Amino acid sequence: MRLTKMFLKTLREEPAEAEIASHILLLRTGMIRKLVSGVYGFMPLGYRALRKIEEIIREEMDAKGGQEIHMSAVQPAELWKESGRWFAYGPELWRLKDRNGRDFCLGPTHEEIFTDVVRNDVSSYRQLPLNLYQIQTKYRDEARPRFGLMRSREFIMKDAYSFDRDYEGLDRSYDEMYDAYEKIFDRCGLTYRAVEADTGAIGGSNSHEFTALSEVGESEIAYCEKCDMAATTERAECVDAEPGNESLLAMETVLTPNTKTIEDVANFLGIAKEQTIKALLFVTFDQDENENGYVAAFIRGDRELNMTKLINAIGIPEHAIAFADEEIMSLATGCIGGFTGPVGIHDCQIVVDSELVGQRNLCAGANKKDHHTLHVNYGRDYEGDIVKDIKLLREGDPCPVCGAPVKHARGIEVGQVFKLGTKYSESMGALFKDENMADRHIVMGCYGIGVTRTLAAIVEQHHDENGIIWPMAIAPYHVIITLMNPDDEEQKKVAEEIYKQLLDAKVEVLLDDRKERPGVKFKDADLLGIPVRITVGKRAFEGIVEYKLRRDVEKEEVGISEAVSRAIDIVNKEK
RNA sequence: CGGGGUGUAGCGCAGCUUGGUAGCGCAACUGGUUUGGGACCAGUGGGCCGCGGGUUCAAAUCCUGCCACCCCGACCA
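Going by our numbering, the first sequence opens with residue 86, and the numbers climb by one from there.
The set of hints was computed from the structure by calculation and includes no laboratory data.
In this text the structure is predicted, and so the values were computed from the model without any measurement.
Every residue gets a Cβ at the ideal spot worked out from N, C-alpha and C, and that includes glycine.
Hints are all accurate, no fakes.
If you anchor each label on the Cβ, the simulated ranges turn out as follows: (1) E480 / R602: 44 to 52 Å; (2) D264 / K578: 47 to 55 Å; (3) L333 / E163: 56 to 64 Å.
Simulated pairs of lysine-lysine, DSSO-like, Cα-Cα distance not exceeding 27 Å: (4) K182 / K166; (5) K640 / K600; (6) K268 / K591; (7) K345 / K453; (8) K585 / K623.
Model the full assembly from the supplied sequences, consistent with the hints where possible.
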């Protein structure tokens, strides 16, 4: 491709709307263009890079026996009502109506659709196992789209679904996909970790998230350097502190004026935060978004609540719970904002962090203005309707597997795999007949890769102050020939000859034949991140050109044929 | 959804406090001189100053309603 013919416009300055490297660089290189918030289009270079990722995914999915299909983004509400997710998915589900008022949504994921396809066409165990996938546009009406492709409302996802006759089959399918994902992200040049994850709105039992390490990522993971424990912080289990063995003291309510926070109480009473109980108050909603109950969650004063663990403990979707208005709630349950404690609170669901069970003589709110109660003990003074681990694993806390202090890291979630089990086959009636003529539910798994997000993650991990540094496998073009002076016949002839030889060798090559000054061409070549640069300049007449890799600083003067053969070699080796 | 910020040429911004009918840099176009890391000179074109309402002789500027976009939080396969 000749740059004089290419639909391309690079920006010298950073667009005001972009904050992170991948967003800035994808905009500056003209690879993506924003249409509205959270919706982007792909220009020629960006689309070529995107298609490289898609092809890698196809090759690895096909290698595992996956079969590509393509289902519509528009989905009828009926299927979502069958699975129960029309309600459970919440406002992120992009809903619309047709002219007759019938409900539809734009698919944020396709479990329902794939289950529907398979339940219609699969009836025998002989047809299993089966793995179907697609690469397709997904829609999620994000509350806050941000960082360009990182969190957008329209994005491209590869979603695969496995269908097995039993859980052993699911385990095999899951392991195969896990393996395929490692190959895919390796080939994309990403530094990543596979970590245990919560299953969220997708549901199911087990799940792993593939997280590309990056400081700008929105995923926080906890991992252990001593053993192989790695999990998202929302998923990571906590080890409860050793139960105390002090003797139980009698409860005593004391005056603690204006001490609404744990910090205030601990300071006022001269005790450690670990000796206090923190209360968090929530209201829950039914399907019509009417309030239908209260929840009081109690954790040790120094801890942070893990919202994911809390909603999993209660068993409701995340959008069906919100922080409660303390004043309204106090009338119903007897709690007092800032002085809420587990003793005497009523008419609400009480969730107690498991750690509190073994802790003795703690200080909690007295449910009385300006008062706290000392020496509160679980079992004797209060009980929970639910007792579970609902706290966040902190950096330095003991590893739940081996006990060593855990580390935290940030990353970009580029893929996730789930063991769904029979969640969808049961709710939607996807059955097959086994050898004994018995009807059985298909056992499912699902496997997603955010393709557009992967593109952003690659740029995030592969750039410097001058621009993108594409890994060869993803680069929109492998080689750029920087022709210094297109008006110089000798230079032009050499550049054209190299261009032709590389094209003949099936190398994807750009020829910068624009009438621009050298500085402009070098800056653009670096910005665009093409892995190999061959500069044809003042020594062209004696058959000498310059060969340079984008990732290296040094450049070399070499003969024309050597430049060509070195370019062909490295492209074939790395692509 | 809560808090904060910003909307002026394709991009980056000034002008707004103190109303007088729009400017700078880059980009684009023409001509010339340049030619190994975002050149220089001369010239040219390009604006419903986010949208609506109000105040005023007069509004980019003041008041007001709305919209869009960005950031923090909430939320998020």
